[in-house]
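Asker: Below, each chain spelled out in residue letters.
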Amino acid sequence: ELKVEQNPLFLSMQEGKNYTIYCNYSTTSDRLYWYRQDPGKSLESLFVLLSNGAVKQEGRLMASLDTKARLSTLHITAAVHDLSATYFCAVAVISSGSARQLTFGSGTQLTVLP
Amino acid sequence: NAGVTQTPKFQVLKTGQSMTLQCAQDMNHNSMYWYRQDPGMGLRLIYYSASEGTTDKGEVPNGYNVSRLNKREFSLRLESAAPSQTSVYFCASRERYYGNTIYFGEGSWLTVV
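In order, the protein sequence lines correspond to chains R and X. Quick note: the first sequence, position 78, residue 78 per this note's numbering, numbers continuous. Quick note: the second sequence, position 30, residue 30 per this note's numbering, numbers continuous.
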């Protein structure tokens, strides 16, 4: 059974600081997703990481994937209040008919304080 | 472009009642999914459909049935609702080919009393 563990689960940061969210998973996968969710809203896709060593950046967020270590990181640079949200990683495994099942981590609730 | 559309957005059911959550996507995607999200948790897969005419169980299928009516629509049915099925339900879809993003609907808030 695939397990996906995120840490920390809760993160309070001051504006302007840097921090990293970690996502560990228990089985081989070649695809990892990062999503953002605001309270009461749907999930917004941030990154899709497709291969070992993949790195993607968008604004103050940068995601990376190490498939050998089964680890992905989401790095936040110079946090701003607008980044306050819950961040989920999700790992994809191939299932029947080529549909990919996503298994989600529990989420990291990020609060950026002024 | 509507993306993934779910209805209803909010629903209150009594224990034992049945209902169907509807989902439609207009992106010509092959794969569709139903997830549930409970407070403080990530999403858990209920059922998925790799293509029109196929469905498979996910992590938490008990108490649910699904129908892939056509390529656009994937419905989730609760035959006899239980309080444990109080949750937020998300439908999602994905194109088959390598690397494509999975798109989520806005969610359906279901309360079973």
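Calculated from the structure, these hints are not laboratory results. Bear in mind that the values here come from a model prediction, so they are computed numbers and not experimental data. Some hints here could point you the wrong way.
Claimed, not checked - Capping the alpha-carbon separation at 27 Å, the derived lysine-lysine pairs in DSS-like fashion look like this:
hint: 1; chain 1: R; residue 1: Lys-41; chain 2: X; residue 2: Lys-57
hint: 2; chain 1: R; residue 1: Lys-3; chain 2: R; residue 2: Lys-68
hint: 3; chain 1: R; residue 1: Lys-41; chain 2: X; residue 2: Lys-9
Asker: Does the structure break any of the earlier hints, and which numbers would those be?
Answerer: Of the numbered hints given earlier, the structure breaks none, since each of them holds.
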